[in-house]
Each structure stands twice: as C-alpha cells, then as structure tokens.
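Visitor: Next come the chains, spelled out residue by residue.
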Amino acid sequence: MSVIIILLLVSISIAGGFLIAFFWSVNDGQYDDDTSPAQRILFDNKKINTNKK
Amino acid sequence: MIYDKNISHQKTTCFHCGDECTTNKKISIGEKYFCCNGCKTVYEILNENDLCEYYELNASPGIEQKNTIRKDKFEFLDNLEIKQKLIQFTDNKTTQVIFYLPQIHCSSCLWLLESINIVDKGIIKATVNFTKKELFITYNEADTSLRKVVETLTKIGYEPHLSLQDIDSKEANKTDRTRWYKIGVAGFCFANIMMVSIADYVSINNPVEYKIKIFFSLLCVVLSLPVLFYAANEFFIAAWNGIKNKYLNIDFPVALALVITFTRSIYELSTGTGNGYLDSMSGIVFFMLIGRWLQSRTYKSISFDRDYKSFFPIALNVINNGKITPTEISQVKKNDIIQVYSNDIIPVDAILSKGNAKIDYSFVSGESLPIHINKGELIYAGGKQLDGLLELIVLKEASQSYLTNLWNNATFTKKQKTKATIYDLIGKYFTYVVLAIGFGSGLFWYMLGEKTLMWNAITTVLIVACPCALLLSQNYTNGNILRIFGLNKFYLRAADVIDDISKINHIVLDKTGTITETKNATIKYTGNQLSEENKITIASLANQSSHPASKLIVDFLNISNLHHVDNYKETEGAGIEGWINEQHIKIGSKNYVGGEYFSTNNGTKVVVYIDGKILGEFIISNVYRIGISELIQGLKKRFKISLISGDNDSELKNIKNILGDNSEILFNQSPQQKLDYIKYLQNGLLQKVMMIGDGLNDAGALKQSEVGIAVADTKNSFTPSSDGVIDASVLPKLNVFIQLAQAGKNIIFLTFCISAIYNIIGLYFAVQGILSPVIAAILMPCSSISIILLTYGLTEMYARKLHLNK
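Protein chains in written order, with our numbering: chain A, 58 to 110; chain B, 1359 to 2164.
Since the hints were derived computationally from the structure, they do not count as laboratory data. Please read these numbers as outputs of a predicted model, since none were measured by experiment. Beta carbons: idealized from backbone N, C-alpha and C, even for Gly. Treat the hints with care, since some could be wrong.
So the derived label-pair ranges between C-beta atoms look like this [stated by the list, open to error]:
| id | chain 1 | residue 1 | chain 2 | residue 2 | range |
| --- | --- | --- | --- | --- | --- |
| 1 | A | W81 | B | T1370 | 51 to 57 Å |
| 2 | B | Y1559 | A | F80 | 49 to 55 Å |
| 3 | A | V67 | B | W1651 | 29 to 35 Å |
| 4 | B | N1701 | A | W81 | 32 to 38 Å |
| 5 | B | D1408 | A | N84 | 34 to 40 Å |
| 6 | B | K1384 | A | W81 | 53 to 59 Å |
Stretch-level coverage of chain A by chain B, calculated; a stretch enters the list once three of its residues show a Cβ under 8 Å from a Cβ in chain B [to be verified]:
| id | segment |
| --- | --- |
| 7 | 61-68 |
| 8 | 81-92 |
All chains should be built: construct the whole structure from the sequences, respecting the hints.
Guide: Okay, structure coming up:
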C-alpha cells in the first residue's frame, strides 16, 4: 500500500506544477484585463503589425 | 414638459460617430455623410492609411469631433520637465508612456489604437488595456516625440486625458494581484487536503496503515500552513485592526474560528484522536476569498476620486515680454499674463485683459447659460472659455483659487472613517452568542465531569459557528448586484455603497446637468405669426449680439440672408435694439421692451417688438432629461426629495410641477451652501441623504452625503469624486436601482437565516461534543455552495422582476 505515498507525491507535484503555471499567468498580467484579449482574437491578421503580444 | 430639440430636419447619421447630421451644408465623401468636419478629417486620415477596417468592425464607432483642437495645443509636451512627469520610462532612444483614453469603448477602438504605428511610424508598439482604458505606447525618440504621439492620437479622435492628478499620483496606478495568488494557493491546498482527507473518511471500516496515516496527516498540516498564514492573512489583519480600534468586526469571529480550527486539528492529528478539520478550514478560506474578489471587482476605468486637478489643463501659455512659453500650472504665478483658447478650462482666478470672454460656468456653479465678461472683470477658475482667444492676468494661482478653496473644506480633508457596517454589528453579537453557547456547553460537560467532551464541545462549537456564511452571502450578493448595476451603466465605487443606498431616506437633486441636459436649451415662439420678413429682421438684429439668448434665437430662425442693422444698441442684462429697413426693432425683457409677457410659461423670455407693436416672445427653457418626471413621481412615494441648484430660479414653476409642493427647492446656492444643506439634513433632521449631482459645484455635497452619485452624460465625461457614477441615460431607473439594493439586504438576511439552519445542525452535534470532521466536511461545502447558489439565484430573480436583466 505504501505505493500510495509515491502516487500522492506525484499527484501533488503535478497539481503544484499547475499552481506555478497559474502564478506565472497572473504575474504575466493575464488577469489584469479580461476584455481586450477576447476582442483581439477576432481581428483579421491583415494589419501590418509587429506586435507579438 | 418639452422634449423636442427643434433643431433637425433630416435624419442622416454620421458615418464616423453615428450622430445625427444637423448642419444644413452636407459634409460628405461619396455616399458617406459626416456630422462635422472633424469626423470627416478622421475618416480621411484612416482612409489614407488603409485603416478603414475600423468602420467594418462596428458601425459608426467614432467619437464626435465637433470641438476642433487647435494646432499648438500640445506644445507644452515639448517641455522636458512636463514630459518627464508624464512618461513611464525613457533611455533617450525609446520611451514608454501610458495614456488614459476614456473614449475607448469598442473593439474598433482597440483595433485602431493597436494599429497606430501605421499612422505614426515612430511608434514601436501600442497595447490597449480595455478594462482600464489605457494605451501603453513604446516609441522611438529619433522618429517621433511625445507631442507627435499625442497629436496623432488626437488626430484620429482619441485625445488622451492628460491631467495634473495623473502627474501627482503616478505611483498609485499599480495593479494588485495578491488576491489572485491567494485564491490560487487556497484552492490548491483545499483540493489536495480534501483529496487526502476523503481517503481517511471512507476507510472507517478498513483503517489505513499507520505509516500512511502519519504521512496523510503531515501532508494535510503542511498544505494548511500556506492557507492559514498567507491566503487568510487579510482576515487576521482586519480582525486585529478592529480590536485596535476597540470594536469587533465580522472578521474577528472568522479569524477566531480559523485559529481554533487549526489548533484543534493539530491537536487531533498529533495525538491520533481524529482527522482534524483542515479541509473545512481551507475550503472556507477559498470560498470567502472568491466572494471578496467578486465583491471587489469594481470599475477600474472609472475614477471615483477626481478632484479639481483632473479637470484642469496641465500647462498654460504664459506671455512674457511678447514671448509665449508653455508653463506648467504650478509654475504660473500671480500677475503672469496667460493665454486661454476656445474650449479651454481656465485653471486660475484671473482678470480679463484682452479678448471676447464668454464663460461657461455650468460645471462649476450650475448656471445653465454662458456668461459674458467684460474687460477688467474677474473670471473664476473652472470656467470654460467658449469663444476665441483670451488674455488674462493671473490674480490667484491655481492652488489658491476660489474653486480650489472648496477642497480645503473639512469634508475633503478629513480621513474616511472605517465604517462599521451592519454586518460588523451582527458579527459582534454573533461572537458573543457563539462564545456563550461554546462555554455554556463546556461548562455543562465540566459539571458532568467529562473533561474531553468539554474541550470537544467548546472548540467544535466555535468551529461550526463561524460566521463565514454571513460573509459569503454578503460578498456574493453584493458582488452580483454590482455586476447587474454595471451592466445597466450604474457604477459603484465599492460594495459597501449598496448597503448605504439601501438605508437612505432623503434624495437631494441638482438641477443643471442632473435633471436637465447641460448642452441643450429649447426655444419656442409664441405670439402673432411671424412673417418671413419679420424673421429676417429679428435674426439680423439678434446676430449682432453675443448674448447666448440671441445666439439661440439666430439658430432657431435659421436665416442665411441677414440685413444690415443701423443704430445698434445693447443694454447689458436687458435687451438689444436697432433699425432695419426703416423699422425700429427691440428684443429683450418685458421692462426693456415695454409690455407684458404673452404666456405664463416658464423659462427665460425674450419679447419681440417691431415698429411700435409687440409681436410675441421667445421662451428659452431647459431641456429636462427624458423620464425625469416619472422618476421623481416614483421616488416621491418612498423618499423625501429636495432640489438644490446653483442656477437662478427661472425654472421654478416647471420644477414645482414635477416635484410637488412638499419638496424643498433652493436656487442660487453656492457649492458651500449645498454642502451645508446636506449637513443640515443629516445633523438637524437626522436624514440619510443621497445626493445626485454632476458638476464640481456639487463635489462638496456629494462627498458629505451618505451616498453621492454623479451623473455622466457620456462615457468620457468627467465626474467629480463620488460613491457612484450613473450614466445619464439610465437615471430614470434610479428608483429601481435603489429597490435592488434594498432587495439585496433582504437576500443577505434570508440566506443568513438558511445558513443558521446549517449552523444549528452543526451545533446540535457540537454541544454534545460529537462533531466529527466528516460531519463538518459535509456541512461546510453544503452550506457554502447552497448560499452561493441562493444569493446568485435570488439577485438574478429580483433583477428580472425589476427589468434590469438584459
């Protein structure tokens, strides 16, 4: 049964990975503005824009 | 009531901004019509740069450009000192700057602004933050300059809002992301503790191995530490602040419950007597944090703390020995000579030395018609010049002007006290009751000699009776109400304002700009029929005068071939006269013309006299906002209403008709008098006051009242500091908004009662000392989730009932 300890550690580290990913996205400002990215995706890409973000 | 504006005959709308095209001359390019040359110019620029996708994304997405912007308006941006204060960062090659653009409203704006580097090649990158209505620009100093960037933005219709307030408080503009981190941590720990604990709960008949159990316990404790010490720290801080100020707020019992749950769990886990309540604890923290987040999602793009500074321009043109230098306002000294252009706000008290001053004080004093000022007379800060270039001699600096003095009033300088809300009050009694039950049952078991049961009872009572449910229902209800208000264009500063709104019993209204429209006045003619020849005569005479009433008459008659006027004479404040084609014509007040008024209508009246005969009169009156009368009828049934205005009493009769006889109506009130009136209502009559106003002249009253609501005509208009901003188009719904706020209070009470049932079930076990972690783990999510669903469902239901859902 002690394999469950390993399994649990694995599962928590995976979850921890997602937590870090979440922190990353927050830090990156993804949660600061929830309107513009949603609209930006609808624009056609014909604009001559060097923006990456 | 008069609604018609009597101005337009055609129904074409502007291709750029969607406004009605009202001018007689058609402004058009091909099939596309424009309301003004400004809009046409913007279209031309966009067309030239192949940016017409702007118009494909949304129909008529532009902002009307009727006010032309003079060429050297932004000359002050070349001044290094001013520039330094506005930009974020520069290394002399590239510069980063953030502009506040209140005009941003649709995806077209977003698209155009982010494509701005096509218009100005020097811009490297432009990113819009839609929520904050900000544009972040990086540009190349070699190819362009701050001034050019601002001018480019202005050229395409997005003039950045540059204000002194931004200069003084640039730092306060940082986004706070801690709440997100906290929610993440709490959610992560909660889910994992739950996962581990469930294994424990379901293995009652088949106990897990000792080694594994130790591991489980350790894991739970480790995971709960960040919840208690990081995610939940705001509850402890708030509770501690409450204790320091000698009162128990709602955070206190929550903090107490968290501490007790944690110590009790550690005790159980370390002695092996139980599984602890760490899953319930972290779950509660998680739900409460989400609730707080929902409640604090206010409107970042709306500034509720504007003072006079954000209305003033950043710089002025100072004339020194014939040389014109743009100077920052704080550097402008007494006796300096300054230049003021059309549509500029005058930021200092000054004396007019040159030019034709027509000053619009409507924002500062509430007067609805512009005032003509003669050379040598005083112009107060805050007035807006409407017509042509002025030269003024500064009398008082911006920081000491008449208008600024209002802000030195005690109402503005006193710090906002931490208000004890009703929930804090409940929290206080709640704490007492819970402590009493806990220690009561403890004492009971102590008498029976059951020591372990005594400790069990005391701790579990405190755990189970945590008023988290109350906090949850308050946060989720208010959060949803804020959202519904926001969808209906009514924006509140914070969630406590909902509570304040539900308590008011007296509403004070301002007149100009609040119940009337600022810009429009209606003009009507009554009396004998005017022949075409008469119309030309009247228009020709009125055209000689710059009095606002004359201007209105000229616009109203809409005559193009005017006659020559002989012996023209204007008597200040009375009327004008002259000779046209051998006819003597006078227009003005009844005393001036000599006669009686035709009608008993309200408003400013101008009598027309041609060749010894009085023909009739023009009646100029304010345009009341649509639906105001109905709104006031509705409000009158439930609240006391007063009207307080800085304007003269020419509209008294109209207002009396709307407000009825029981309401107090005051005219010619200064900003200070308005503030004092609110104070008198509060202290003398013990009323809870909601003030509704729009201008700087209401700022004191808005601040003093329990709830100050500012009316905004368009999204980009600037409102004085207030608790809430309401879009003028939804002002008639105010009554409904108040009803929803009151319903919110009932919903919180109801859900609180329901959560009390859960609490009683929990207490039933707790006082007997047999509340197991499993029962707590079932009750906690049940109570939290049912409360969240109920608050959401009930607020939505009420909103639907009140027709606030879209």
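Visitor: Closer than 8 Å, Cβ to Cβ, for at least three residues: run that test on the segment 81-92 of chain A against chain B and report holds or violated.
Guide: That given contact holds, which follows from 8 residues of the segment 81-92 of chain A lying within Cβ reach (below 8 Å) of chain B.
Visitor: Is 51 to 57 Å respected by the C-beta to C-beta distance linking A/W81 and B/T1370?
Guide: Given range 51 to 57 Å: holds, Cβ gap about 52 Å.
Visitor: Residue count check for the segment 61-68 of chain A against chain B: does it reach three with CB-CB under 8 Å?
Guide: holds (count 4)
Visitor: Does the Cβ pair B/N1701, A/W81 satisfy 32 to 38 Å?
Guide: violated (47 Å)
Visitor: When you take the CB atoms of B/Y1559 and A/F80, is the distance between them in 49 to 55 Å?
Guide: violated (31 Å)
Visitor: Just to be sure I understand the hint, the distance between the Cβ atoms of B/K1384 and A/W81 should be within 53 to 59 Å; is that true here?
Guide: Once the Cβ atoms are compared, 56 Å apart, the range 53 to 59 Å for A/W81 and B/K1384 holds.
Visitor: A range of 34 to 40 Å was offered for this pair. Does it hold for the Cβ distance of B/D1408 and A/N84?
Guide: holds (37 Å)
Visitor: Range hint 29 to 35 Å: satisfied by the CB atoms of A/V67 and B/W1651?
Guide: Since the Cβ atoms of A/V67 and B/W1651 sit about 31 Å apart, the hinted range of 29 to 35 Å holds.
The earlier numbered hints that this structure contradicts are 2 and 4.
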